[in-house]
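> Sequence:
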Amino acid sequence: MKAVYDSEANAIEITLADVRRVDRDVPAHPCGTVALADGRPVSVELLNVRAGVDDAVDAIVTRFAELDGGALRAAADAALAVPGRQVEITVTSRAA
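Numbering (the working numbering), first residue to last: 1 to 96.
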């Protein structure tokens, strides 16, 4: 998972999968959009992130249950820490 925080736009782009083309964007919240390719989520855009990301992430994972809210929050937090730089994180399954 890759994420970039654009401080001028006050937005975070989280890339879940690298694809050549996005089929459509699905608004899930006024501050959260999910891009789909072949019917599956491939990226998440979070807007107005200085006000927080929790409401947008909650709405996104409610609509797209296959997405991991904790992983999205971790990516957003990492991106916020280093504006303008790409971060990459790996989130594994829960430990037994």
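If you are wondering where the hints come from, they were derived from the structure by calculation, not from laboratory data. Since this is a predicted model, take the numbers as computed values, not measurements. Ideal placement from N, C-alpha and C gives every residue a C-beta, glycine not left out. Check each hint, because a few of them may be wrong.
Said to hold, decoys possible - Estimated spans, in silico, between C-beta atoms of each pair:
1. Asp25 x Ala65: 31 to 41 Å
2. Ser93 x Glu8: 13 to 23 Å
3. Ala51 x Arg20: 10 to 20 Å
4. Ala95 x Asp25: 30 to 40 Å
5. Arg21 x Arg94: 30 to 40 Å
6. Ser7 x Ala95: 14 to 24 Å
7. Ala9 x Arg94: 16 to 26 Å
8. Leu47 x Val82: 13 to 23 Å
9. Arg40 x Gly70: 28 to 38 Å
10. Ala95 x Arg24: 32 to 42 Å
11. Ala95 x Arg20: 30 to 40 Å
> For every hint, state whether the structure bears it out.
Results of checking the hints against the structure:
| no. | hint | verdict |
| --- | --- | --- |
| 1 | Asp25 x Ala65: 31 to 41 Å | violated, 19 Å |
| 2 | Ser93 x Glu8: 13 to 23 Å | violated, 36 Å |
| 3 | Ala51 x Arg20: 10 to 20 Å | violated, 33 Å |
| 4 | Ala95 x Asp25: 30 to 40 Å | holds, 35 Å |
| 5 | Arg21 x Arg94: 30 to 40 Å | holds, 33 Å |
| 6 | Ser7 x Ala95: 14 to 24 Å | violated, 34 Å |
| 7 | Ala9 x Arg94: 16 to 26 Å | violated, 34 Å |
| 8 | Leu47 x Val82: 13 to 23 Å | holds, 19 Å |
| 9 | Arg40 x Gly70: 28 to 38 Å | violated, 19 Å |
| 10 | Ala95 x Arg24: 32 to 42 Å | holds, 36 Å |
| 11 | Ala95 x Arg20: 30 to 40 Å | holds, 35 Å |
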